[in-house]
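Q: First to last, the protein sequences are chains W and F.
Residue numbering for the first sequence is 46 to 315, as defined by the working numbering.
Residue numbering for the second sequence is 410 to 705, as defined by the working numbering.
No wet-lab data here; the hints were simulated from the structure.
Possibly wrong hints are sitting among the right ones.
Partial selection, computed: residues in chain F whose CB lies under 8 Å from chain W [unchecked claim]:
hint, residue
1, Trp488
2, Leu491
3, Glu606
4, Ala609
5, Gly666
Okay, the calculated beta carbon distance ranges per label pair [what the hints assert, rightly or not]:
hint, chain 1, residue 1, chain 2, residue 2, range
6, F, Leu524, W, Lys211, 56 to 64 Å
7, F, Ile522, W, Asp73, 37 to 45 Å
8, W, Thr297, F, Ile673, 29 to 37 Å
9, W, Lys315, F, Leu681, 53 to 61 Å
10, W, Gly120, F, Tyr686, 31 to 39 Å
11, W, Thr100, F, Ile673, 15 to 23 Å
12, W, Pro257, F, Leu493, 41 to 49 Å
Beta carbons are placed, not taken as given, at the ideal position from N, Cα and C, and that holds for glycine.
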Amino acid sequence: MFGVLSKKVATAVALGALALTALPAQADVIDDIKARGVLKVAVKADYKPYGFRDTSGAIIGIEPELAKDVADKLGVKIEYVPVVSSNRMQFLQQGKVDLMIATMTDKPDRRKVVSIVDPNYYSSGTNIMASKKFGFKKWEDLRGKPVCGIQGAFYNKKTGRDFGAKIVAFKGTAEVYAALKAGNCVAFVYDDSSHVATLEQADWADYEMPLPTIDDAPWGLAVKLGETKFHAMMEAMIVDWHKTGRILALETKWGVANTPFAMDMNKKYK
Amino acid sequence: MGTGLENTWIWGVRDMTMKQTKNNVLPVMMAPRSRPTDPFRLKAWHGLILASIVVLASIPAFAAEEPAKASIFDVLVRWMPLLLEGFVFNVVISISAMAIGTITGAALRLGQISLNGAVRKFAWVTTQFFRNAPWLVLLFFAMFLLPFEIKIGGLTIPLPDWLKAIFGLSLPVMANVSEIVRGGVVSLPSGQWEAAESLAFSRTQVLWRIILPQCVKRMLPPWMNLYSILTMATVLASIVGVSEMMTLTGQALAAEGGRSDLLIPFYSFVLLMFFIYCYPIARWTIRLEKKFAVIN
Chain W
46 MFGVLSKKVA TAVALGALAL TALPAQADVI DDIKARGVLK VAVKADYKPY
96 GFRDTSGAII GIEPELAKDV ADKLGVKIEY VPVVSSNRMQ FLQQGKVDLM
146 IATMTDKPDR RKVVSIVDPN YYSSGTNIMA SKKFGFKKWE DLRGKPVCGI
196 QGAFYNKKTG RDFGAKIVAF KGTAEVYAAL KAGNCVAFVY DDSSHVATLE
246 QADWADYEMP LPTIDDAPWG LAVKLGETKF HAMMEAMIVD WHKTGRILAL
296 ETKWGVANTP FAMDMNKKYK
Chain F
410 MGTGLENTWI WGVRDMTMKQ TKNNVLPVMM APRSRPTDPF RLKAWHGLIL
460 ASIVVLASIP AFAAEEPAKA SIFDVLVRWM PLLLEGFVFN VVISISAMAI
510 GTITGAALRL GQISLNGAVR KFAWVTTQFF RNAPWLVLLF FAMFLLPFEI
560 KIGGLTIPLP DWLKAIFGLS LPVMANVSEI VRGGVVSLPS GQWEAAESLA
610 FSRTQVLWRI ILPQCVKRML PPWMNLYSIL TMATVLASIV GVSEMMTLTG
660 QALAAEGGRS DLLIPFYSFV LLMFFIYCYP IARWTIRLEK KFAVIN
């Protein structure tokens, strides 16, 4: 739903921008960032531990730290723009942010909209979190049952189409957890990395991640289409993160078990 | 059960009312007197009860034996400064949207009673359009159709999300204010216009010196009602990603790792803040309504 909307909106925004002569200057974005003195990065603010708020309101987590590395490299200040799955690509297209590191799964259709940088910086798969009492064994068990998801997540469609689940999409994770506890849905389809972190809490002792993880898909950070210079710079940054074990160190720092993907990449580039 | 009895009772009541109307003066001519509008009024100490409900809702946490898990109340206190900051944002959005909406709405209304046909039509269409459009849809339009910054010459004016939210919410307010002003103007007896004209006031003078001053007090209560509704509608901005109280509450809950026991206390707190802000406005509105009540 949001995919179609976002494309239309993007066109409308482009037209509106033309009408208001608000088209940004065609200079390179790196020059813009340096002239501005601020790197604006889209990050999540409701996805612990990849991007979330501390009590002072500051956005912290693994991805904000990666973004900070980029700002340090450019020698500018950083500004975090909190995004949700349904608006992160628009913000990048509009030029509201220069860079997006927002837990986005790398998909071919998304590569047409934003410029996703290779190699991928992270990876996770899709799984569900459900009460143990349901005893789900395979994805097909979800057929006809209400399953909670997050608006704008790509696996909603897949879970609905391939496995026949009825997707109930919410804005943020807080709402989903409430719905799950209240029994509005039988399971929550989301990134397995998030489930692992959540299931560690005593609150969710009666819940499990019962199904085989599917779609183990890499995450892509992205710059605006056509920003080749910035794209090349980010490519070097990601390789450097893998080489130096920066991602592994951040995982440990924020209490996530080192993922196979991060370890493999570290070996590959060492 | 007991239908016969009920019938006699109903007839009896009717008889009584008929007698009353016959014996007394007509209701339209009755002297103004204050009637009890509310069966119950909230006092300051009721607020304490409400606040204690929030605290009580967090009591189960004390029972939770794990020492590692902070009590709900502690968590709420920890996040309170940020949430209140968000609430200030809601208030700022509501006041600004109301200010813009009132000025443009009043202008729109004056357009609707303009002597120029084209202006009148345009103002009418605009009012009807924005009055009958869902607030959230207007908010979405403002969010996604406005650019994030405007460049005029060398000057770059950024349009942050909250500014767009103010703009988006001021559209329906504008249309509603326009209707409130219409109500105010219409409620004045036409004799006011005629008398003013017969005294050789110009149209501008009639409007500004005779009609509008009389309207203001009649418009105040519905205008304040609208403000209350607008304030409560500012949480809609959370859907389009403005970092106001509702958004921050969701993010705070996510940062606490999806602890479902926090949900009710956190949202109760949001509720309480809005209630504390809006209730006095509602009371004040009722007082003004009574004060300006026109018996006719």
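Q: Given the hint of 56 to 64 Å, is the C-beta distance from F/Leu524 to W/Lys211 inside that range or not?
A: Holds: the Cβ-Cβ distance is about 58 Å, inside 56 to 64 Å.
Q: For the hint 53 to 61 Å, verify it against the beta carbon of W/Lys315 and that of F/Leu681.
A: Given about 55 Å between the Cβ atoms, the range holds.
Q: Taking the closest Cβ pair, is F/Gly666 under 8 Å from chain W?
A: For F/Gly666, the interface hint holds, since the closest Cβ of chain W sits about 6 Å away, which is under 8 Å.
Q: Taking 31 to 39 Å as the stated bounds, is the beta-carbon spacing between W/Gly120 and F/Tyr686 within them?
A: At 44 Å between Cβs, range violated.
Q: Check the following: the C-beta atoms of W/Thr100 and F/Ile673 are separated by a distance inside 15 to 23 Å.
A: Holds, since W/Thr100 and F/Ile673 (Cβ atoms, about 20 Å apart) stay within the stated range.
Q: Holds or violated: is there a CB of chain W closer than 8 Å to the CB of F/Trp488?
A: 6 Å, holds
Q: Can the hint on F/Ala609 be confirmed by a CB-to-CB distance to chain W that is less than 8 Å?
A: Check failed: Cβ of F/Ala609 comes no nearer than 47 Å to chain W, outside 8 Å.
Q: Under 8 Å is the threshold here; is the Cβ of F/Glu606 close enough to any Cβ of chain W for the hint to stand?
A: 44 Å, violated
Q: Could you see if the CB distance from F/Ile522 to W/Asp73 stays within 37 to 45 Å?
A: Taking Cβ atoms as reference, F/Ile522 and W/Asp73 lie about 55 Å apart, which means the hint is violated.
Q: With 8 Å as the cut and Cβ atoms as the points, is F/Leu491 at the interface with chain W?
A: Holds, about 5 Å.
Q: Just to be sure I understand the hint, the distance between the Cβ atoms of W/Thr297 and F/Ile673 should be within 29 to 37 Å; is that true here?
A: 35 Å, holds
Q: Is the gap between the beta carbons of W/Pro257 and F/Leu493 within 41 to 49 Å?
A: 45 Å, holds
Going down the numbered hints, you'll see the structure goes against 3, 4, 7, 10, while the others check out.
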